[in-house]
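A.B. asks: Sequence:
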Amino acid sequence: MSIVQSAGKGVTQVVERCEAAKESGFLDLSSCQLMYMADAVYMLIKGHEITRISIQDNSMKKFPKKLVIKFPTTTILNMANNEITELPEEISSWTSLKGLNAAKNSMTKFPEAILPLKNLIYLDLNGNDINEIEVELLYSSLPNLIKLNLAGNVNLKEEKWMTLNLYRHLQ
Numbered sequence: 670m671s672i673v674q675s676a677g678k679g680v681t682q683v684v685e686r687c688e689a690a691k692e693s694g695f696l697d698l699s700s701c702q703l704m705y706m707a708d709a710v711y712m713l714i715k716g717h718e719i720t721r722i723s724i725q726d727n728s729m730k731k732f733p734k735k736l737v738i739k740f741p742t743t744t745i746l747n748m749a750n751n752e753i754t755e756l757p758e759e760i761s762s763w764t765s766l767k768g769l770n771a772a773k774n775s776m777t778k779f780p781e782a783i784l785p786l787k788n789l790i791y792l793d794l795n796g797n798d799i800n801e802i803e804v805e806l807l808y809s810s811l812p813n814l815i816k817l818n819l820a821g822n823v824n825l826k827e828e829k830w831m832t833l834n835l836y837r838h839l840q
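Going left to right, the sequence shown walks through residues 670 to 840 as the numbering used here numbers them.
None of these hints come from the bench; they were simulated from the model.
Check the hints yourself; a few may be wrong.
[Claimed, not checked] Restricting the straight-line Cα-Cα distance to at most 25 Å, the calculated cross-link-like pairs of lysine-lysine (BS3-like) are: (1) Lys715 x Lys734; (2) Lys767 x Lys816; (3) Lys767 x Lys731.
[Stated by the list, open to error] Okay, the calculated beta carbon distance ranges per label pair: (4) Ile790 x Gln682: 29 to 35 Å; (5) Glu692 x Asn818: 27 to 33 Å; (6) Met712 x Asn818: 32 to 38 Å; (7) Lys734 x Ser810: 29 to 35 Å; (8) Asn800 x Thr681: 38 to 44 Å; (9) Asn800 x His717: 38 to 44 Å; (10) Pro812 x Thr754: 23 to 29 Å.
As the structure is a prediction and not an experimental result, all values here were calculated from the model.
Each residue gets a CB set at the ideal place from its N, CA and C atoms; glycine is no exception.
Go ahead and model the full structure; you've got the sequences and the hints to work with.
C.D. replies: Rendered as structure tokens:
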């Protein structure tokens with residue numbers, strides 16, 4: 670298959686998934702070889718409510734900020750297996766967000782932009798390169814957090830893991 674044919678197939682796949690999202694409310698752009706989110710995606714879904722988004726298994730280096738603006742009622746975001754280095758401040762306005770899978774990206778710092786997300790129940794930051802977490806701030810800011818996965822952050826010291834577990838059990 671030529672490069673042109675492959676690119677054409679990728680565009681068709683994205684368009685088909687955008688069309689499906691109009692009815693389901695689930696925008697599934699996983700494994701579409703995306704390096705960025707084209708404006709055409711937002712135009713194709715304009716006027717439809719999207720509550721769940723998957724952009725996992727792509728090659729994105731930057732979080733597409735327009736997702737937050739265009740789909741303000743999002744409750745679940747799966748952005749695992751990309752190369753995203755940080756989450757922008759804009760994500761803090763996603764107040765309905767309950768689940769965030771940001772595993773296996775390239776984050777070196779804990780994404781403090783998520784701290785205002787009081788409804789967050791599930792947070793997966795596994796397989797990044799995060800090396801520091803303020804435990805008390807994390808749990809006081811995210812009171813509904815039930816599941817937190819920090820495995821695979823090799824620079825996160827073991828005593829931080831113990832403190833995280835102990836802190837949650839004492840609450």
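A.B. asks: Would you mind marking each hint as holding or not holding in the structure?
C.D. replies: Hints, one by one, checked against the model:
| no. | hint | in the structure |
| --- | --- | --- |
| 1 | Lys715 x Lys734 | holds (16 Å) |
| 2 | Lys767 x Lys816 | holds (11 Å) |
| 3 | Lys767 x Lys731 | holds (22 Å) |
| 4 | Ile790 x Gln682: 29 to 35 Å | holds (31 Å) |
| 5 | Glu692 x Asn818: 27 to 33 Å | holds (31 Å) |
| 6 | Met712 x Asn818: 32 to 38 Å | holds (35 Å) |
| 7 | Lys734 x Ser810: 29 to 35 Å | violated (21 Å) |
| 8 | Asn800 x Thr681: 38 to 44 Å | holds (42 Å) |
| 9 | Asn800 x His717: 38 to 44 Å | holds (40 Å) |
| 10 | Pro812 x Thr754: 23 to 29 Å | holds (28 Å) |
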